[in-house]
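A.B. asks: Input sequences plus hints: build the corresponding full structure.
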Amino acid sequence: MSELELILKELQEEKRLRQVAEEDARVAKIERQVAEERARAAKESARAAREEHQRLFGPLTVKEYVEECHALDGELDVVTEFTLVTEGPVVDSGDRPRPRLIVPWNGFPQRQREILNKLPSDHKFPSDQHLTTRAGLKMVAQMPKLIDSEDSLAAHQAMAVTRSVELLMKEVRQNAEIRTSFGIDGDVSFEKHMHRSDTATSVSQSTESSGKKRIADEFCSIKRSSTPESEIVLAVQYKLPQKLPVALLVAALDNKTEMNLDTGIIDEDGEGFGPKQLVAAVIAQLFSALVSKGLRYGYIDTGEAKVFLHIGDDPSRIEYHLSCPTSDVQGEETMHLSAVSQLFAFVVQAIEAPKPTKEWEIAASELPIWKLKRVEIQEKIPRISKQSCQEADMHSPGMKPVSRDRTSINIRSASRSTHHPPDKVDNEGEASASGPKAGKELPHNVGIHKRPESTQDVFGGLYCTHECVRGLTFGGPVDGKCPNAKDHGRKHIDRQDFLRLMREQLKGKGAHDHCKPINASGHIGHLFKVRLSPHGYTLVAKAVGPLDWRPLIHEEKMYNHLRDLQGRFIPVCPGFVELNGLFRCKKYTSSFGCFGHFLFLSYAGRPVLKALPKFDDSVVSQMLATLAQLHQRGVIHRDAAPRNILYDDRTGRYMVIDLEMSKPINEEVPQATKGGRKKRKIEREVNMASERIAAESKYLLTRLSSSARTCRRRFEHVDSSSRILVYMEFTPLYAIH
1 MSELELILKE LQEEKRLRQV AEEDARVAKI ERQVAEERAR AAKESARAAR EEHQRLFGPL
61 TVKEYVEECH ALDGELDVVT EFTLVTEGPV VDSGDRPRPR LIVPWNGFPQ RQREILNKLP
121 SDHKFPSDQH LTTRAGLKMV AQMPKLIDSE DSLAAHQAMA VTRSVELLMK EVRQNAEIRT
181 SFGIDGDVSF EKHMHRSDTA TSVSQSTESS GKKRIADEFC SIKRSSTPES EIVLAVQYKL
241 PQKLPVALLV AALDNKTEMN LDTGIIDEDG EGFGPKQLVA AVIAQLFSAL VSKGLRYGYI
301 DTGEAKVFLH IGDDPSRIEY HLSCPTSDVQ GEETMHLSAV SQLFAFVVQA IEAPKPTKEW
361 EIAASELPIW KLKRVEIQEK IPRISKQSCQ EADMHSPGMK PVSRDRTSIN IRSASRSTHH
421 PPDKVDNEGE ASASGPKAGK ELPHNVGIHK RPESTQDVFG GLYCTHECVR GLTFGGPVDG
481 KCPNAKDHGR KHIDRQDFLR LMREQLKGKG AHDHCKPINA SGHIGHLFKV RLSPHGYTLV
541 AKAVGPLDWR PLIHEEKMYN HLRDLQGRFI PVCPGFVELN GLFRCKKYTS SFGCFGHFLF
601 LSYAGRPVLK ALPKFDDSVV SQMLATLAQL HQRGVIHRDA APRNILYDDR TGRYMVIDLE
661 MSKPINEEVP QATKGGRKKR KIEREVNMAS ERIAAESKYL LTRLSSSART CRRRFEHVDS
721 SSRILVYMEF TPLYAIH
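First residue of the sequence shown: 1, per UniProt numbering; consecutive thereafter.
Since the hints were made in silico from the structure, they are not lab data.
Keep in mind that a hint or two might mislead.
Across the chosen pairs, the derived CB separations fall in these ranges [what the hints assert, rightly or not]: (1) Gly183 to Lys256: 27 to 35 Å; (2) Asn560 to Lys614: 29 to 37 Å; (3) Ala46 to Pro228: 45 to 53 Å; (4) Pro228 to Ile369: 32 to 40 Å; (5) Arg224 to Gly136: 35 to 43 Å; (6) Met139 to Gln632: 44 to 52 Å; (7) Leu547 to Glu231: 41 to 49 Å; (8) Glu52 to Asp187: 29 to 37 Å; (9) Arg503 to Gly480: 27 to 35 Å; (10) Asn560 to Lys43: 54 to 62 Å.
Listed below are the simulated EDC-like cross-link pairs for lysine to aspartate or glutamate, each with C-alpha atoms no more than 20 Å apart in a straight line [to be verified]: (11) Lys118 to Asp262; (12) Lys698 to Asp639; (13) Lys610 to Glu556; (14) Lys118 to Glu52; (15) Lys118 to Asp185.
These numbers were taken from a predicted model, which means no experiment stands behind them.
We put the beta carbon where it would ideally sit given N, CA and C, even for glycine.
C.D. replies: Written out as structure tokens, the structure is:
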């Protein structure tokens, strides 16, 4: 190799090494950049995690706390359908003292603002109080309760409102500067029942001790550091928003008009019974509780609205102010109208108020007494025009945004739409696939929102027929009589596809558009009306929480076991789904919470005792015959109460529901084996099973209303052995072979 070639080779090697070095340097630089980027990302992630932890678990300011509470207060799952739970009088009956005048509370908004201005918005709660952090409030938000009774409403308000007021009042007491500003030194608490040790003047102790039902649901008391006993300062009356809608309250109370009760307004019980009569009666009911306890302050709470009440120096007059926090709060300048802010200021007013004088007590004892008749909600709530409903949905009467001192609770509203409760799910009133009978007017649901016009909304369509759901479940044709047949198409989708699509729909963003709570429940779980969009399958869904799935799976197995009865004596059951997550009832108002498992059923009707206006021996016989269908197939229901037998007026059929406790008798009867002792033991077991069947039918009979007594007596006159033999005829299904 020549010298020149060696030189070229060396140059090439140098170039190669230089390129390798450059490449190594480039790679090292990239690696450094990646490492630096990873370090920056880790640092940023750690910083974000710290900030999120601080945001969730760090102490909130008063301003932030009231804002979070306002967002929580709007999350209600209100059942808007009147069934067994929500039926009954809005107003209790009995002799009660009543006011002569119900008048607007002049100066109430101004006084509330004056009190709230004393509460510094930048004051932070202690770091060791979990309930005053976002994480604590988030836990409360994840435990919603369906509003289907006054007790569930009180429970929700305790979590969302009154407990928050208690914590604010605790902060007032513990902070010396704030305590001096308010002049209040004591712990405030809301309790369902007044303790014997609580001190409050009793104007009519004889009335309370005479055994009458209490007419206040809750009392607020203060335990001052200077006194050993608590002092009651105000009373609370809870009324379901289904029974006392916002539209009705706004129609009756405009914060301007007086009502003279001496004109007989609360005694009107005829066709002219309207919003003013009903609301006046409710106010008068709480008024009687106030004067009987020597109290000046109280409020009526529907969860969507509050009516604040005050009795001044003249006990014949009661002042009112209507507040609708959810719609009143529109932004930073109106956060003082939130439920927590308003109730906090109201409690302060009640604490500061002087005790009634002796003259006040004497005047209160001389108030006129009236006997209010039971006011049945479905009969007496008046109809309110759609125009009135739309106007009522806006704000409290006369309420406008008011600017306030920026140092007080002028909190910006959380980014959320104004809460709208759902329309009434017309499930139990569904008469037939062809709609209401001619000449018969459907009952009108008093609410503050119009029913959606879309026919695809779950409220817009009737339930599918049993034959239709059987076709879906077992592969039959589409039932031409099904009101949703056009949406089903020419043939049913596959049952597994139905379950898959339902699962996806219940997990999706639009889940609540096609799944609404029905105010009914079984031994376990709660019921929903569901519609599979766009296929139109409209059924009942029985839902349970993430830990209650075993009884639901057993119930599905029992429906499969009784396949031939589905659609005739029990509902049709297309199946069961488990969600990959939870379905939460937050879109409409807050009691039963979170659901992870759904069992789908065809609509079976209403409880017989509610569905049929006439109840005679033929109805009893039909109910017994329906239950006997399960017995003939060797199944004991184990909860054969009248509530678990429904009547479907579309078909005239009686159906048994709630099979989660049922059990095949053959599971309890051992198989026959050779040997006399074994055979005799099996015979005894068979006889015992037969007696259990007879006992279950008799149990149903004895649980029926008094209209069934004739049939029950006739049943009991049958010879005992003959009665057993009637049910012994079923034993060959599972007896000795």
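A.B. asks: So, for every hint listed, does it hold in this structure?
C.D. replies: For each hint, the structure was consulted:
Checked against the hint of 27 to 35 Å, the pair glycine 183 and lysine 256 passes, with Cβ atoms roughly 33 Å apart. Between asparagine 560 and lysine 614, the C-beta spacing of about 36 Å keeps the proposed range 29 to 37 Å intact. For alanine 46 and proline 228, the hinted distance range of 45 to 53 Å is satisfied, since their beta carbons lie about 52 Å from each other. Against the hinted window of 32 to 40 Å, the Cβ-Cβ separation of proline 228 and isoleucine 369 comes to about 36 Å, which satisfies the hint.
Against the hinted window of 35 to 43 Å, the Cβ-Cβ separation of arginine 224 and glycine 136 comes to about 27 Å, which falls outside the hint. Between methionine 139 and glutamine 632 the CB atoms are about 50 Å apart, so this pair conforms to the stated range of 44 to 52 Å. The hint said 41 to 49 Å for the Cβ distance between leucine 547 and glutamate 231, and at roughly 43 Å that hint holds. Against the hinted window of 29 to 37 Å, the Cβ-Cβ separation of glutamate 52 and aspartate 187 comes to about 33 Å, which satisfies the hint.
The hinted range of 27 to 35 Å is satisfied by arginine 503 and glycine 480, whose Cβ atoms lie roughly 29 Å apart. Evaluation of the 54 to 62 Å hint for asparagine 560 and lysine 43 yields a pass: the beta carbon distance comes to about 57 Å. With a CA separation close to 40 Å, the supplied pair lysine 118 and aspartate 262 exceeds the 20 Å bound. For a cut-off of 20 Å, the pair hint linking lysine 698 to aspartate 639 stands: about 12 Å separates their Cα positions.
The suggested pairing of lysine 610 with glutamate 556 is violated, with an alpha-carbon distance near 26 Å, which exceeds 20 Å. Distance restraint check for lysine 118 and glutamate 52: the Cα-Cα separation of roughly 31 Å exceeds the 20 Å cut-off, and the hinted pair is therefore not satisfied. Pair hint lysine 118 plus aspartate 185 holds up; C-alpha atoms about 15 Å apart against a cutoff of 20 Å.
Of the hints listed earlier, those the structure fails to meet are numbers 5, 11, 13 and 14, in rising order.
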